[in-house]
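Student: Make the full structure from the sequences, and use the hints.
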Amino acid sequence: MPSEELVQQRIGGSVVKSSQRIPLLGLSCREASRLISESLDRDLTRRERWSLRLHTLMCTACQRFERQTKLIRDAIACLPDALREKWSDSAAKLSAERRAQIKRLLIEARQAETQE
Amino acid sequence: MPTELSDPADWVDRYGDALLRFAGGRVANHELAEDLVQETFLTAFRHRSKFDGKSSFGTWLVAILRRKIADHHRKSARSTDLDAQSHAGVESAFTNKGKWTTSSTNWKSTPRDLAENAEFWTVFHGCLSGLPTPLAQAFQMREIARATVDDASKKTGVTPQNLAVRLHRARLLLRQCLQKNWFSSESGGAS
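Those sequence lines, one after another, are chains U and C.
So in the numbering used here, spot 37 of the first sequence is number 37, and the numbers just go up one at a time.
So in the numbering used here, spot 179 of the second sequence is number 179, and the numbers just go up one at a time.
Simulated from the structure, these hints should not be mistaken for lab results.
Please read all numbers here as calculations on a predicted model, not as lab measurements.
By construction, the Cβ of each residue, glycine as well, lies at the ideal position given by its N, Cα and C atoms.
Do not take every clue at face value.
To be verified - Short derived list, chain C residues pointing at chain U, Cβ under 8 Å:
| hint | residue |
| --- | --- |
| 1 | L5 |
| 2 | R14 |
| 3 | V37 |
| 4 | F41 |
| 5 | F57 |
Tutor: Here it is as structure tokens:
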């Protein structure tokens, strides 16, 4: 009889990556959408690829999600570089008003100090 | 303090954007992130005699900002706001059993169609800025500024796994928003 202990040891012995735990069959759409998203950022493992392929083969909704996320990426890639740069900057910067406000406050704080 | 840092107004130009990026990945919206950066500079000014030069000035500022962010989360009754919000967004996309809750139309436009349509980008921009800041920031870095996963996770100070979670959420929410505000009326129009 295969001992349960042995199985646990084998699992416990190696780092079980989340990818190894995903089922080959019966992946949920939630999980499939996660893999679709991650496939845009890293190479999926062989198991993940098969699991996703088997799921999307049968699932129109996930096929659409996959095409749509890629469409968004490709559309962004078609934008002129200058426009893309402008956009990627705007959220990563202090607004001009805020910048001026902080400087003003710092200057005031320094003036207050020298008057003391 | 190094002499080139003697004018506090210069601090803002040198470190402001980096601090904002740090805060942006950790609180729910841009304005709040700006508030915390502002407080950080004012606190740093008041306590500047305590800067010992052991670390770089930038690192010292980040340490102050980190405390401000922690304080904010502690004080705020909605400290889990951010995760809850974006989590809810993802959860509502799926049933308990992990199936999609809403159906989407078949998007027919080509990337080029979209790229050349200014109206689309207005809608897109609206959708993107409607996301919780950390999600918008992750998406912006990865898809718009085309940063590598490593760079993007370093800049936002989260693990690559965590970044993957944010990107997944961002893509789901963005898709939902674009479906609703753009593609639902596309049918039949574009080829």
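Student: Each hint should be assessed against the structure and marked as holding or not.
Tutor: Hint by hint, here is what the structure shows:
no.: 1; hint: L5; verdict: 12 Å, violated
no.: 2; hint: R14; verdict: 12 Å, violated
no.: 3; hint: V37; verdict: 7 Å, holds
no.: 4; hint: F41; verdict: 5 Å, holds
no.: 5; hint: F57; verdict: 14 Å, violated
Comparing the model with each earlier hint shows violations of hints 1, 2 and 5; every other hint is respected.
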